[in-house]
Amino acid sequence: MKKMQHSEASEKNFDLQDLGENVTIELAAILDDCMGDMGLLEELIRLYKQNAVEFIGGAKLFINNGDFAQLKLAAHKIKCGLAMMHTYHLRDIVIEMHEQCETDKNLDRIKYLNNLFITEYLAAEKKIDAAFTQLGNKKI
Amino acid sequence: MERKTLLLAEDDELLASLLDYRLQKGGYVVKLCKDGKEVKDYLSQELPDIIVSDIMMPYFSGMELIDFIRNKIMSTIPIIIISSAGNEENVLNAFELGANDFISKPVSPSELLVRVSRELNKR
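Here the protein sequences line up with chains A and B, keeping their order. In terms of our numbering, the first sequence is residues 1 to 140. In terms of our numbering, the second sequence is residues 1 to 123.
With the rest of the complex left out, here is chain B (with noise of 0.2 angstroms):
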């Protein structure tokens, strides 16, 4: 079976090195972008079958992405972004945006990887 490409956008590396980690295992091909350039880097080149962000990154935050996607490229790919508890809102205007799930921080990689499988299971 095709392995599914993901891309993960978090500049934190302390949680990126562990869900790239349980992503790979999970049977994912993990394109890991520590900030917003990389991110628009990659994304110039290829789309991935699925994106989970965070919002808050350098040069590039997590909302921007969602409207990149969803008004400039104008692709539906399941987006789910990662946010810290309190920010609601964020995760409420990346919802009108168009994200199609949202995890919090800390994130449980197990729940992380159920939710991945059921974004693209939709699809």
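For reference, chain A alone in the conformation it holds in the complex (with noise of 0.2 angstroms):
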């Protein structure tokens, strides 16, 4: 299985046909991390789900406040994570959220990029669970 290149979204014009589609999530080197303990790595992942809504949520009531320091805060916090999982193409989405409330505050960048993380989430929580099952399966 292919591990994801976080170059694959490094380009700042980030478009959606470039960004997870073709995606692969590994958990394998993650469970390496947890030495094996599949229970750990369900509850890094239930973490990093919970992590992620936070951000959604946070992200739709500072974009609609334009509190940008408050967007940046939350950006920079869940870009450890969001690697940590090996979801480089999300990471990479915040982490120009973040450079847009440092520098341009360019509000329709902003939204955009906001809409396109959570399209781009919600496909990354499909694939992360069916790689944590088809992991179970192996191991069983």
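In case anyone wonders, no lab produced these hints; they're calculated from the structure. Just so you know, even glycine gets a beta-carbon here, dropped at the ideal spot from N, CA and C. Among these hints, one or two may not hold up.
If you want the footprint, here are the derived chain A segments under chain B, 3+ residues with CB under 8 angstroms [claimed, not checked]:
id, stretch
1, 27-35
2, 60-68
3, 112-121
The calculated DSSO-like cross-link candidates involving lysine-lysine, where the alpha carbons are at most 27 angstroms apart (straight line), are [claimed, not checked]:
id, chain 1, residue 1, chain 2, residue 2
4, B, 72, B, 37
5, B, 25, B, 4
6, B, 34, A, 49
7, B, 40, B, 122
8, A, 77, B, 34
9, B, 37, A, 126
With the hints in hand, could you dock these two chains into one complex?
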């Protein structure tokens, strides 16, 4: 199985077709970090999803309020978890949101990136669930 | 052999869960604090053998933590800082304040274990 390459989404002009469609989520490396403990991996996935949902909820509010400082902080905080779960394409979207909050503060671009994040996250979540099931089957 | 105590200050529950698990498996007694208030409360009661801390934390940043340890408590216990890529200025400041080592997010648990062990062996 091919690991996801974060360079796939490193271009600043994100296009839906260029992102997660061809991405494969490989959980084996993360399971290695968990020393083969499927329970811990399941907990990490739960926390990953919780962080993403909180980010999506927070981002909507901060965008509506034009609160770039809070959006920047939220983007900074979620970056590590997105990379941890090897969803680099989501991490790259968030990095640009973070940069936008620091520099251009282009609300239209930020809204676009936020919608892109939501779309891509939902797709990634399905892939993570499928990869987890597959990994569980292999272990059995 | 006596197990070493490690203070892990990290507000990202996802990363903290993984590191806590691996550090405990690595033989350390881990005190996990999710914000600066918990860190201060803990440090007012005891000192760990080593500290691993994020830079950006609510209430009490990693920088304030280093300053607190080095200049208020006057302790030389090893401090390893965790920081996101792109925070180079913060990392330099952390070293100037007295941090012993730095590791970039997302943290590899195996690498962290090596670095923790290395810092403890220096003493």
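The hints, checked one at a time:
1. 27-35: Answer holds; 3 residues pass the 8 angstroms Cβ test.
2. 60-68: violated (count 0)
3. 112-121: violated (count 0)
4. 72(B) x 37(B): 16 angstroms, holds
5. 25(B) x 4(B): 12 angstroms, holds
6. 34(B) x 49(A): Since the Cα atoms of residue 34(B) and residue 49(A) sit roughly 19 angstroms apart, the hinted pair holds (cutoff 27 angstroms).
7. 40(B) x 122(B): The given pair, whose Cα atoms are some 26 angstroms apart, holds under the 27 angstroms limit.
8. 77(A) x 34(B): 13 angstroms, holds
9. 37(B) x 126(A): Given that 27 angstroms is the threshold and the Cα spacing comes to 37 angstroms, the pair is violated.
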